[in-house]
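**Q** Here the protein sequences line up with chains A and B, keeping their order.
Under my numbering, think of the first position of the first sequence as 1, with each following residue one higher.
Under my numbering, think of the first position of the second sequence as 247, with each following residue one higher.
Quick caveat, the hints were computed from the structure, so don't treat them as lab data.
We put the beta carbon where it would ideally sit given N, CA and C, even for glycine.
Heads up, a few of these hints could be off.
[What the hints assert, rightly or not] Selected chain B positions facing chain A (Cβ under 8 Å, derived; list incomplete):
1. 275
2. 287
3. 333
4. 334
5. 352
6. 414
7. 417
8. 420
9. 421
10. 424
11. 471
12. 473
13. 475
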Amino acid sequence: MPAKLILSMDGAVMKEYPLNKERTTIGRKPHNDIVIDNLAVSSEHAAIVTILNDSFLEDLDSTNGLAVNGTPTKKHFLQNSDVIEIGKYKLKYLNDQPTQTSAADFEKTMVLRAPVKIAPSEAGSKSPLDVTATRKTEAVISTQFNTTNSGMPPPAGQLPAAVVQILNGPNSGKELELVKNLTTLGKPGVQVAVLARRPHGYFMTHVEGGSFPTVNGSSIGEQPHQLKDHDLIELAGVKMEFYFKT
Amino acid sequence: MDIQDALEIVSQTNPGMVRSHNEDSVTHDADLGLVVLADGMGGYNAGEVASGIAVSVLSSEVRHRLEGARPEDLDAAGEELGPALLRDNVKKANSSIFHAAQSQPQYAGMGTTIVTALFYDDRVAVVHIGDSRMYRLRGEVLEVITRDHSLLQEQIDGGLISKADARLSKNKNLVTRAVGIDADVEPELHIHEVEVGDIYLLCSDGLNDMVEDEDIGATLQMLQSNLPLAATQLIQMANDNGGRDNVSVILVKVKGRFAAPRGWWQKLRSWFGN
Chain A
1 MPAKLILSMD GAVMKEYPLN KERTTIGRKP HNDIVIDNLA VSSEHAAIVT ILNDSFLEDL
61 DSTNGLAVNG TPTKKHFLQN SDVIEIGKYK LKYLNDQPTQ TSAADFEKTM VLRAPVKIAP
121 SEAGSKSPLD VTATRKTEAV ISTQFNTTNS GMPPPAGQLP AAVVQILNGP NSGKELELVK
181 NLTTLGKPGV QVAVLARRPH GYFMTHVEGG SFPTVNGSSI GEQPHQLKDH DLIELAGVKM
241 EFYFKT
Chain B
247 MDIQDALEIV SQTNPGMVRS HNEDSVTHDA DLGLVVLADG MGGYNAGEVA SGIAVSVLSS
307 EVRHRLEGAR PEDLDAAGEE LGPALLRDNV KKANSSIFHA AQSQPQYAGM GTTIVTALFY
367 DDRVAVVHIG DSRMYRLRGE VLEVITRDHS LLQEQIDGGL ISKADARLSK NKNLVTRAVG
427 IDADVEPELH IHEVEVGDIY LLCSDGLNDM VEDEDIGATL QMLQSNLPLA ATQLIQMAND
487 NGGRDNVSVI LVKVKGRFAA PRGWWQKLRS WFGN
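Just chain A, same shape as in the assembly (with noise of 0.2 Å):
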């Protein structure tokens, strides 16, 4: 079912408007695919490109311009349930096409034989394809990341908040609260672990070093290891405590 548009002016539904073109414009000349006969419409004031699931709006240098959810836009990825407003008319955007994120047979990889069309367009909104990692080095303790989760289920559902506490040497009675995907521990090139947060709990893994890291006095071996509350960790000298921060 392809997506639609609803029209509706202070909260009564006018008309519905499927986007079945590859190009839907709207506007106040009866030409228009969208017709709101309105002299605060310009006569081509906007235009939909979709292609296959997607669309995109744009705004055709109207006198009055649009906002998508309250904010003013010229060009805006359609997204479910958006609320295009044009003056005082609403369109609001509807695709309940199953989004790739929950129906596994759309994941199917096809190949796409017919080049498709794409509307040509000023650049500014292409982004660099580079992606800076940041590194933290400390001598003790802690590399971590976390997830920035656009469009991604949540990590960790309700894995509780965890933390290791450092015991002896200079760092202790050092918390060290675990928020990351990922958590290194150890000094680099001597012996390293790290504790990975996953949905069903946090795991401790050797990563590198002559000896492995120990948990309630015995050795994890090279196997993920998972941590209960309360249990004493020991790698490269350092005594630590993980427990569940209640």
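Guided by the hints, dock chain B onto chain A, whose structure is given.
**A** Just chain B, lined up with the frame of chain A:
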């Protein structure tokens, strides 16, 4: 340094959390510095068949042609042998898959993506088709050094959609080029300089659709001293995030220089195997 000592290579593949079978194929040849990854598509087991053909054509043909020749040798056309072998054998894999699909109805329409790289003479030649990628971690910077042949990438290039919005697209997984779909295919070939310390990641879209580039980069940096663990961790992250597709990774760490012997003495030494 010999290529097998200069590189550390790890490859892993996993069906993911949703799919019943694995249509990805991976292989690596440490003696040659060759890595191949393919993500097949097609009904029943046709996807595995296509990716399997691609990987075996590449690995066996390149190995065969490099017996008694070096990748930096020039061929009759004045082109280096290594990159030419990658490109020509991707074309060869294309016709093998295409003909298999034509002659056997259960394989009709099968195809595969491919990304393959040959490390030689302090460089890497990369050939790819489709949306399987090669990344490079150099210092703290993770870069995609292949450009997907996909509708989404074309939309990004055309300025229609921003890189940040690309994750919201409902048109992922539409490749504009694939191996085995048509009688002919145009492989994309690039040659990059390699530096000691670089880590190269080849992956199927099951990884980069499920795990943000930022997380991929951080994982490679934090776990670079233990390459098998880094590969396991990447696959685990894709599966923890839903694992909706097969996920494959090949990691190549550059531990030393591997320039081709230049002078007559070096050549002689390498001739006698040092």
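**Q** Now tell me, hint by hint, if it's right for this structure.
**A** Evaluated hints:
1. Because the beta carbon of residue 275 of chain B sits about 26 Å from the nearest beta carbon in chain A, more than 8 Å, this interface hint is broken.
2. For the restraint placing residue 287 of chain B at the interface with chain A, the shortest Cβ-Cβ distance is roughly 5 Å, inside the 8 Å limit, so the hint holds.
3. Taking 8 Å as the C-beta cut-off, the interface hint given for residue 333 of chain B is violated, the closest approach to chain A being about 20 Å.
4. Interface restraint check: residue 334 of chain B against chain A, minimum CB-CB distance 22 Å, threshold 8 Å, status violated.
5. Residue-level restraint check for residue 352 of chain B is violated (minimum Cβ-Cβ distance to chain A is 17 Å; threshold 8 Å).
6. For residue 414 of chain B, the interface hint holds, since its Cβ comes within 8 Å of a Cβ in chain A; the closest pair sits about 6 Å apart.
7. Because the smallest distance between the Cβ of residue 417 of chain B and any Cβ of chain A comes to about 5 Å, under 8 Å, the interface hint for this residue holds.
8. Interface restraint check: residue 420 of chain B against chain A, minimum CB-CB distance 4 Å, threshold 8 Å, status holds.
9. Taken as an interface hint, residue 421 of chain B checks out: its beta carbon lies about 5 Å from the nearest beta carbon of chain A, inside 8 Å.
10. Interface hint status for residue 424 of chain B: upheld, as the beta-carbon distance to the closest one in chain A is roughly 5 Å, under 8 Å.
11. Taken as an interface hint, residue 471 of chain B checks out: its beta carbon lies about 4 Å from the nearest beta carbon of chain A, inside 8 Å.
12. For residue 473 of chain B, the suggested interface contact is broken, since its CB lies about 10 Å from the closest CB of chain A, more than 8 Å.
13. Here the hint on residue 475 of chain B is kept, as its CB sits about 6 Å from the closest CB of chain A, short of 8 Å.
Figure legend: structure checked against the earlier numbered hints; hints not met, in rising order: 1, 3, 4, 5, 12.
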